[in-house]
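> Each chain is listed here by its residues.
Number of protein chains: 2
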Amino acid sequence: MYISELDTPALTVNLDILERNIAQMATLCQNLDIPLRPHTKTHKVPQIAQMQIEAGAQGITCQKVGEAEVMVAVGIDDILIPYNIVGKPKLERLMQLAKQATITVAVDSDITARGLSEQAQKDGATIQVVVEMDTGSKRCGVQSPQAVQALAQTIVDLPGLDFQGVMTYPSRLEAKPFIDETLELLRKDGISVSMVSGGGTGSEVNSKQIGCTETRSGSYIYEGMQRIGPETVNPETCALRMIVTVVSTPTANRVITDGGMKAFTSYPPTPYGYIIEQPEVKIYGMSVEHGHIDVSGSSHRFQVGEQLSVIPVHQGMTSNLHDELVAVRNGQVEAIWPIAGRGKVK
Amino acid sequence: MYISELDTPALTVNLDILERNIAQMATLCQNLDIPLRPHTKTHKVPQIAQMQIEAGAQGITCQKVGEAEVMVAVGIDDILIPYNIVGKPKLERLMQLAKQATITVAVDSDITARGLSEQAQKDGATIQVVVEMDTGSKRCGVQSPQAVQALAQTIVDLPGLDFQGVMTYPSRLEAKPFIDETLELLRKDGISVSMVSGGGTGSEVNSKQIGCTETRSGSYIYEGMQRIGPETVNPETCALRMIVTVVSTPTANRVITDGGMKAFTSYPPTPYGYIIEQPEVKIYGMSVEHGHIDVSGSSHRFQVGEQLSVIPVHQGMTSNLHDELVAVRNGQVEAIWPIAGRGKVK
Chain H
12 MYISELDTPA LTVNLDILER NIAQMATLCQ NLDIPLRPHT KTHKVPQIAQ MQIEAGAQGI
72 TCQKVGEAEV MVAVGIDDIL IPYNIVGKPK LERLMQLAKQ ATITVAVDSD ITARGLSEQA
132 QKDGATIQVV VEMDTGSKRC GVQSPQAVQA LAQTIVDLPG LDFQGVMTYP SRLEAKPFID
192 ETLELLRKDG ISVSMVSGGG TGSEVNSKQI GCTETRSGSY IYEGMQRIGP ETVNPETCAL
252 RMIVTVVSTP TANRVITDGG MKAFTSYPPT PYGYIIEQPE VKIYGMSVEH GHIDVSGSSH
312 RFQVGEQLSV IPVHQGMTSN LHDELVAVRN GQVEAIWPIA GRGKVK
Chain L
12 MYISELDTPA LTVNLDILER NIAQMATLCQ NLDIPLRPHT KTHKVPQIAQ MQIEAGAQGI
72 TCQKVGEAEV MVAVGIDDIL IPYNIVGKPK LERLMQLAKQ ATITVAVDSD ITARGLSEQA
132 QKDGATIQVV VEMDTGSKRC GVQSPQAVQA LAQTIVDLPG LDFQGVMTYP SRLEAKPFID
192 ETLELLRKDG ISVSMVSGGG TGSEVNSKQI GCTETRSGSY IYEGMQRIGP ETVNPETCAL
252 RMIVTVVSTP TANRVITDGG MKAFTSYPPT PYGYIIEQPE VKIYGMSVEH GHIDVSGSSH
312 RFQVGEQLSV IPVHQGMTSN LHDELVAVRN GQVEAIWPIA GRGKVK
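Protein chains in written order, with the working numbering: chain H, 12 to 357; chain L, 12 to 357.
Here chain H stands alone, though its shape is the one from the complex (with noise of 0.2 Å):
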C-alpha cells in the first residue's frame, strides 16, 4: 500500500530514519561509556522498543504503570518507571509486573515508599527503589543529599523493597554538586548505589559528566521539532509525519485540512508543524478537528483532496492520540503498529 491511499489523518514514521536515530544515539552512548534507558513515552510502540533493546539498550523507561505493562506483555524484561506509584489499584498492577520482569520506581516520600513495601510483602513481590532528587526541574524529588540519605535508609530498612540509588531529570551540570554530597552521604552510612539514573535526550554528554549511570533519552527516537526548536526543524532526521488532505480552499488565502488539535495536540500552542511539501506556507491555528494553512506566501495551488506531510512538534502529545502508527519506507507502508502504550494514563 502507498502512503497516498491512506485514510486520514495518519500517524506515520520514516523507517529509514527511524532506524537511523536508534543506531545513532546507541553509537552515542557506546562512545561516550554510558548504558542507554530510552525512554518510551516518546513512541509508546513495543516493535519501537524492542529495536532500541536490539540497538544495545540495557532496559527501558516507562512513566506510567500502564506503559509498563505493554512493554512487559512483549518480554521487555527491565523496565524503570521514574514515577511515584501511589494507591492500592497501581501497587497491585506494579507487583504483578514485578514478578514478571526487573521493575525499578522512584519514590520521594515515605508514604510512597511504605505503601510500596506493604504491597510488596502482601504479593511476595521485590521491587527496586531509586530516590528522585530535585536538582532544579521543580516538580517531584527531594530537596536536599540529607532528604536523600534519610529516605535512603528508610527504604533500606523495609521489606520487599531493593535499594538501588537516584535519579534526577533533566541532567544538568549545576546537579553535580547536589549528586556528589548524595552519594558521599550514601557511601559513608554503608548503602551501596547501583544507579544513576540521568536524561534525556541532548544531555547524554551532562549525564556522564555528573556521574550517571545510565541515560533515559526519549525523544531522540524522532528527534522532533519540540526538542530541536522550529527553526532547525529537518525533515531528513525527523522521523514523525502526519498525513493530513486538504478538505477545503475557502479563500485564495486559507486552506483547511482534516488534522487538528485532536490529531496533533495543541501543546505547544506553537508553531502546528511543518509541512514537508510545502514548508513556505504556515499552520496558523488549529481548531479541534481542523488545521488552518495560511498559504499566501506560496504559488502551489493547494486542491481539496491532495495530501500533505506534517511534522508534529510535540511527539510524544501527538503519539498519545493515536492507535496505530504506520511505518513507512519509500513511500510504501512496510508495517501498521499498534501504539500499545497510548491512553495508558494510569
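Certain hints may be false.
Just so you know, same-sequence chains aren't split out, so a pair can sit in one copy or run between any two.
[Unchecked claim] With a straight-line Cα cutoff of 20 Å, these simulated SDA-like cross-link-like pairs (lysine to any residue) come out:
hint, residue 1, residue 2
1, Lys-357, Glu-317
2, Lys-149, Tyr-295
3, Lys-357, Asp-334
4, Lys-99, Gln-318
5, Lys-99, Glu-129
6, Lys-219, Ile-45
7, Lys-99, Tyr-13
What the hints contain is simulated information worked out from the structure, not anything from laboratory work.
Based on the hints, put chain L in the right spot on chain H.
Chain L only, in chain H's frame:
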C-alpha cells in the same frame, strides 16, 4: 464501588448533573420551538447520545465519520456530519453508514460534492447534503450567498445526492443577512430547503432568530469551564470531573498530582482546571504526566495518596484522551461507559 476506590486519573461524570443538563436544554429548545441535534463531539459516548435522543433530540451531530460509526452501531439513525468528507477510504465508510441511517454531510466545494456523488453511485447509496456557509468563523464554508446558490444547483444536479439546505457555525445575529439572501436565491431557483442548521450551546436564541431549523448545541452536556469561563465555573452545573491523586508534596507550597496534559489535554494552556475540594489552590502548570499545584493559598495539608476532583477546561479534548467515562451518583460508581468515539480522527 466508591469513587475513592478508582484508579486515577479517572474521568468521571456526575449523573444527577448530566441528567439535569440534558433536561434543561430539551426544555429550552422546546420553549424556543427549535429542534435540537446535539453535537456529540463533547462526550463521544453512545449511551449519552441515547439519553439526549430520549429527551427529545431529533438526531445527533458527529464531527468525523469514525464518530458517526460508533453512534450508528448502537442504532442512532439520523446523523449530521458537518464536515467535508474527502478521499476514497472515508467516502466508502460514509456510504456504508448512509445505507444504515439518514446521514447528512456538509460540503463547501464542487470537488467534495462530486466525490460524494461518485461514491454514492458506485455504492448504490443516497447521501443528504447541506452547503456550509462561512458567515464569519473564517474556517471552512462558501463565502457568499451566490456561491451557495451555485453549489446548491450543482448538488441538486448530481446523482446520489439529496440537497437539504445550509449550515453555519457559530450562530451569530450578523449572519442573518447572508442566510436571508441565500434562502431567497434558492427560493427563486426553485430549490427547496428543509435544513438550516446552526450551533452551538448558548446561541439557541440566535439560531431561532436567524432562521435556523435546528441547533447543534453540544457543550451544554457537561456545561464546563471552557464555555462559561474560569471565573464563573460552577461545580453544581459542571458534570465532568477528573479524579486525580496527590503523588508528591516536595515542598511546603508545591503539590504534584498524577493528572497532567495526557489526562487533561493542554488546551487552552490556562487555566488547567478547577479543584472542587480546594478551590483556593491553583493548578499553575502541567507536564505530560504531572499536575503542578501551588498550595500557598491554602491551610489544607495535602497528603500523598489524597484524591482531588478537578473540573477539566476543554471537555471535548479531555474526553478524547480517555477510553472510559465513569458514571457516578452520590459518590458511587453506577456505570462505566466506553468513550467509543475517542480517537476517531478519521
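> Now look at each hint and say whether the structure bears it out.
Verification of the hints:
For the homomeric pair Lys-357 and Glu-317, the shortest alpha-carbon distance between copies (16 Å) is at most 20 Å, but the shortest distance inside one copy (39 Å) is not. When the C-alpha separation of Lys-149 and Tyr-295 is checked against a cutoff of 20 Å, the pair qualifies only between copies, where the shortest distance is 12 Å, while the shortest distance within a copy is 32 Å. Taking CA atoms no more than 20 Å apart as the test, Lys-357 paired with Asp-334 passes in both settings, with 17 Å inside one copy and 11 Å between copies. Taking the shortest Cα distances, Lys-99 and Gln-318 sit within 20 Å of each other only across copies (13 Å), while inside one copy they are farther apart (47 Å).
In this assembly of identical chains, the alpha carbons of Lys-99 and Glu-129 lie at most 20 Å apart only when taken from the same copy (10 Å versus 56 Å across copies). Taking identical chains as interchangeable, the C-alpha atoms of Lys-219 and Ile-45 lie at most 20 Å apart only when both belong to the same chain, with a minimum of 6 Å there against 67 Å between chains. Taking the closest pair of Cα atoms, Lys-99 and Tyr-13 come within 20 Å of each other only across two copies (14 Å); inside a single copy the shortest separation is 47 Å, beyond that limit.
Violated hints: none; the structure is consistent with every hint.
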